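We have chain A already, so just place chain B on it with the hints.
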Amino acid sequence: MPFKLVILWTDALIYLLLVLVIFFVWFVRHNEHLLVPWRRVGHSVSGMMALTVLTIFITIGLLDTVHFRPAIENNSSTYSKVYGVQVLSLFDVIATPLRTSVEKTYSAPFAAHLYTKETIELSGGSQIREFPRLKFGGAHLYDPETQLVADVIWRTVVGIGFGIFIWCVFVASIVMLIAYRCGKKFKQTFFAIFYNETEIPWRAIFIMLALILVLLGSALVLSSYYHIFGTDKVGQDVFYQSLKSIRTGLVIGTLTTLIMLPFALLLGIMAGYFRGWIDDVIQYIYTTLSSIPSVLLIAAAVLMMQVYMESHPEFFDTIAARADLRLLFLCIILGVTSWTSLCRLLRGEALKLREMEYIQAAHAFGVSHWRIISRHILPNVMHIVLIATVMDFSGLVLAEAVLSYVGVGVDPSMISFGTMINAARMEMAREPMVWWALLSSFSFMFTLVLSANLFADAVQDAFNPRVKTLTFVDRKFAPR
Amino acid sequence: MTSLLQVDNLKTILNASVTPVRAVNGLSLQILRGETFALLGESGCGKSMAALSVMRLLPEVGEIVSGSIRLSGKDLLSMPETDMRRIRGKRISMIFQEPMLSLNPVLTVAEQIGEVLERHFDLHGVMLQKRILEILNQVGIPDATRRMSEYPFQFSGGMKQRVMIAMALAGEPELLIADEPTTALDVTIQAQVLDLMRDLQRQKGMAILLITHDLGVVAEMAHRIAVMYAGEIVEMAERDDFFRNPAHPYSQKLFAALPGRTKRNQGLAVISGNVPSLSIKFVGCRFADRCDQAWDLCKTIAPAWSKINPKHQVRCHLYSNEAEARFQNQIKDKKSYSKKNFVSQESIDNSKLLNVINLKVHFPIHKGLIKRVAGYVKAVDGVSLAISRGRTLALVGESGCGKTTVGKGILQLITPTAGSVCYDGLELVGLDRKRLRAKRAEFQIIFQDPYSSLNPRMRIIDIIEEGMNALNTKAESEIGNRVHQSNLSKEQVVDALLQRVGLLPETKWRYPHEFSGGQRQRIAIARTLAVNPKLLICDEPTSALDVSVQAQILNLLKELQSSLALAYLFITHNISVVEYLADEIAVMYLGRIVEQGNVSEVLEDPKHPYTQALLSAVPEIEPKSKRAVIHLFGDLPSPANPPSGCHFHPRCPKAMPVCSNDYPKVINFSSSHSARCYLYEQSPFS
Chain A
81 MPFKLVILWT DALIYLLLVL VIFFVWFVRH NEHLLVPWRR VGHSVSGMMA LTVLTIFITI
141 GLLDTVHFRP AIENNSSTYS KVYGVQVLSL FDVIATPLRT SVEKTYSAPF AAHLYTKETI
201 ELSGGSQIRE FPRLKFGGAH LYDPETQLVA DVIWRTVVGI GFGIFIWCVF VASIVMLIAY
261 RCGKKFKQTF FAIFYNETEI PWRAIFIMLA LILVLLGSAL VLSSYYHIFG TDKVGQDVFY
321 QSLKSIRTGL VIGTLTTLIM LPFALLLGIM AGYFRGWIDD VIQYIYTTLS SIPSVLLIAA
381 AVLMMQVYME SHPEFFDTIA ARADLRLLFL CIILGVTSWT SLCRLLRGEA LKLREMEYIQ
441 AAHAFGVSHW RIISRHILPN VMHIVLIATV MDFSGLVLAE AVLSYVGVGV DPSMISFGTM
501 INAARMEMAR EPMVWWALLS SFSFMFTLVL SANLFADAVQ DAFNPRVKTL TFVDRKFAPR
Chain B
17 MTSLLQVDNL KTILNASVTP VRAVNGLSLQ ILRGETFALL GESGCGKSMA ALSVMRLLPE
77 VGEIVSGSIR LSGKDLLSMP ETDMRRIRGK RISMIFQEPM LSLNPVLTVA EQIGEVLERH
137 FDLHGVMLQK RILEILNQVG IPDATRRMSE YPFQFSGGMK QRVMIAMALA GEPELLIADE
197 PTTALDVTIQ AQVLDLMRDL QRQKGMAILL ITHDLGVVAE MAHRIAVMYA GEIVEMAERD
257 DFFRNPAHPY SQKLFAALPG RTKRNQGLAV ISGNVPSLSI KFVGCRFADR CDQAWDLCKT
317 IAPAWSKINP KHQVRCHLYS NEAEARFQNQ IKDKKSYSKK NFVSQESIDN SKLLNVINLK
377 VHFPIHKGLI KRVAGYVKAV DGVSLAISRG RTLALVGESG CGKTTVGKGI LQLITPTAGS
437 VCYDGLELVG LDRKRLRAKR AEFQIIFQDP YSSLNPRMRI IDIIEEGMNA LNTKAESEIG
497 NRVHQSNLSK EQVVDALLQR VGLLPETKWR YPHEFSGGQR QRIAIARTLA VNPKLLICDE
557 PTSALDVSVQ AQILNLLKEL QSSLALAYLF ITHNISVVEY LADEIAVMYL GRIVEQGNVS
617 EVLEDPKHPY TQALLSAVPE IEPKSKRAVI HLFGDLPSPA NPPSGCHFHP RCPKAMPVCS
677 NDYPKVINFS SSHSARCYLY EQSPFS
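The listed protein sequences correspond, in order, to chains A and B.
Residues 81 to 560 in our numbering are what the first sequence lists, from first letter to last.
Residues 17 to 702 in our numbering are what the second sequence lists, from first letter to last.
If we strip away everything but chain A, and leave its shape as in the complex, we get (with noise of 0.2 Å):
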């Protein structure tokens, strides 16, 4: 085998979470009425092109998490084969180009040469002070100043076209299956899904299928030949940077989230709905974690485990390994301090549905305590949970980007939207300015966190049995 498949901590977690994912679709696609208010998101249109945004993020970071070793060319003839200590992900396979093509420091977006100014020596032997020419960035261009701007274009209308194509052939196969299933003529779906009268809103999701590709093709053709954020200090291409950055974001977001939630729905649940002592001690408890500053907290502990990591490196045999680990402690130690606000809000519903009269009802029917919190408050408790994992999800971006500046982020080797931003706040003050490490990294994670928002509201709407969700039958006979 030509490489060794690796399972890191938050690898592992990942795939159970998945697993976990696709049995949930499976169980859901087995129950009529689980389906219904699932398809009702799928009929929500903003929901839907957020889901399509959030999918290249999942894709790109499920491929960033399958991880491994490859082999080293041995070339003492033993038997046993050496794998690098270098871990690799799939993504980083596929961006090769954009990982391998290092430039000496900083350089702008699209650039041909570096953003400082270097002396150089001539072949005469005398010295002169210029921006040096990239190793990678326009080096195909023979003289950037009056080819560069031609170029940049030219290969953007390539990357367009390419995007096109792979969107026509896209949503070609797509009418095509939904033809086949539906049993009707492509010509007629086509036009279905042209005048916006399929029940998921297909149209709009090509309308942002073909953004995302158009983007994604002018990105892919151009970065090859150039470094479209940029680099950085040590000359690393902030594009590649960024699409790392968002395997570490969701795992942030999601794995804390995970982590957080028994913690503030027993919890928090437990104190509104029994009350009394379990109440008073469960807020002493909320109480007493909240009134600690968390970041002193999560410092304290983060620091604990650094030093426990540092004095003991017989246990990881990679840097990655180490990274990982440190990013799983990370999310858990974030977890373990951040259930509190959770757990406030939901106290205060639990201790509002406990009146409700159908928990009367309930207890007049002799419903033990365990299945009145399962089945009445829990189901009832849910939006809150969805709005609020949704909303720290943004704020466990953003947090591990504070922890980063006070060094207790994530490992230093590791790339995430916190320690781009980080390493970028300094070069903010620089004369002239260092701005595209900021701006991607902050394009990013708004693109990401708007779109995680954007599909949370869409079946927040679905799942709210209250709001009636517009279908496509009623779009058509909208007033005026």
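Bear in mind the hints are in silico, worked out from the structure with no lab data behind them.
All figures in this text were calculated on a predicted structure; none of them were measured in a lab.
Please note: incorrect hints may appear among the correct ones.
Only pairs whose alpha carbons sit at most 25 Å apart, straight line, appear in this in silico DSS-like list of lysine-lysine [claimed, not checked]:
hint : chain 1 : residue 1 : chain 2 : residue 2
1    : A       : K432      : B       : K387
2    : B       : K27       : B       : K90
3    : B       : K383      : A       : K432
4    : B       : K220      : B       : K146
5    : A       : K215      : A       : K184
6    : B       : K670      : B       : K681
Here are a few chain A residues that sit away from chain B, every Cβ distance over 10 Å (derived from the structure) [to be verified]:
hint : residue
7    : K84
8    : V125
9    : S370
10   : E429
We put the CB at the ideal spot given by N, CA and C, even for glycine.
Just chain B now, with coordinates in the frame of chain A:
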């Protein structure tokens, strides 16, 4: 008298949902100066939207499509918004239904009234304060100088509604729109507020547009009446004409649906179905689907106005053609009286099913850092009552007197502080959880608000099955024609139950929000029936429902009682429901029962001054039988700090010095009738 408000062919739509809701569809009316014009109708008929259209205060989605609204000749609809602000509060003002929600909790009462005065009369400083005081005195707020600087939470419900009226009156309006002004209030308070409105109208000569669903209130207040149905007015008449001879089948049905003593042994007339959704396009008469006198013409052509006499007009084909009408009237006579008669079950054994002795439920008031108990709210303070199998005991009283707590205390949903609840010979107080659970199936509760008593996230089948699962009731139930059903699956039992309460079995796959209030209440009843209870505690099951729907539910309850021999503890404040349904009655005041007896004894010859006042405050529909209203002053005292002696003495018109010393003992008037009052201490019955 000249016309003050003239509304012509007003059409208001709401763009809220998919298709526009035609909330008001061609409303025309005329209100004269100084008269009370009542707009009567069930909920969802567009009454409130009509009022808001007049004020031009429609919600964001609302839109007036056509028509005109003229206030003494001036067109309100063509006015710019800035001019409209000069009209609102000054010439037209409005009182809303819920006094708790219509006052701003962070402003004092004086500030809120002052707002109107500053805006319309440019009063400031001392002048302003003086005027506020004057207005508060006008609406009968005691100790107004002190209370004007208090916040709304320091006022009781009735007082808040007075403050609302004060705010509305501050601008000295020509037209007062009162949107269900007393629906949220108790009868005794309602009588006070209605009196106040009548007095003020007489003094100021203002016109009142009274929006209500309560025929009793209309009978007391209105000069002219318009009945609204599905967005349009179907009948308009002078009060006496209307009450003597309601013309439209809908109006007739509303009267027939009212419960009362005279209808005790028969089913109430029901209007089948619900008020139609206003988003559909109507062809023909809007009431045709629910009307039992409808014929082909009704379904195809919308009826125009026909005049019965110059001041009484109706929108019905029955009156459009004299001959036709007569023919139809004959049918009506046959049809509308073919009601079911319930056999009153005299043969029921008289053994007591439930015996409550001296039940007390006290809630501790915690204070301070360590939450030491500083006192008790004595919500229920020594209540004794008994219910026989298959009988109905009505528990009557104002809100806040502890009725609901009694119900929950009996069910052990709240642990009683003291006393005994004996169900079928078994003491329930202090029974351990396991044994109590085994008994739970036998006594169940139906709640007041059908909207909060069903879990919105559960399907009907899950809701109904819940009790069966929890209590492990086998399908050996008596429901569904009393067939031995042990071989039926749970699903079939649910089907049978739904049919029993008059719903289609297919509805079991739906969620509660897809049902109307009345249907939800049916589901709640089906849920309790699933476990075969012997005793049902009905906690105001109809007070959130419209009259026609209330009739359906009361019929259902009565039918279930006669077929399943259920015993009911019927908690209510609605005397007419009591008259219709109850066998015995217990009147509660501040945690204690002040009078108890058979329905006929108590209602015909009330002994306790509180019962007398309560009964006299109920608005009567028949103008002839009007009793003199006994006015009660003030509100229900706080159960945390009840008055010494007889709890009622501070409000009692017949209070004696002795009343403030000790709580009176029980005086028996007959074997079943008893009261607690010093007035009868020396009576020969004792």
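Hints, verified against the model:
no.: 1; hint: A/K432 - B/K387; verdict: 21 Å, holds
no.: 2; hint: B/K27 - B/K90; verdict: 18 Å, holds
no.: 3; hint: B/K383 - A/K432; verdict: 22 Å, holds
no.: 4; hint: B/K220 - B/K146; verdict: 19 Å, holds
no.: 5; hint: A/K215 - A/K184; verdict: 8 Å, holds
no.: 6; hint: B/K670 - B/K681; verdict: 17 Å, holds
no.: 7; hint: K84; verdict: 48 Å, holds
no.: 8; hint: V125; verdict: 15 Å, holds
no.: 9; hint: S370; verdict: 20 Å, holds
no.: 10; hint: E429; verdict: 13 Å, holds
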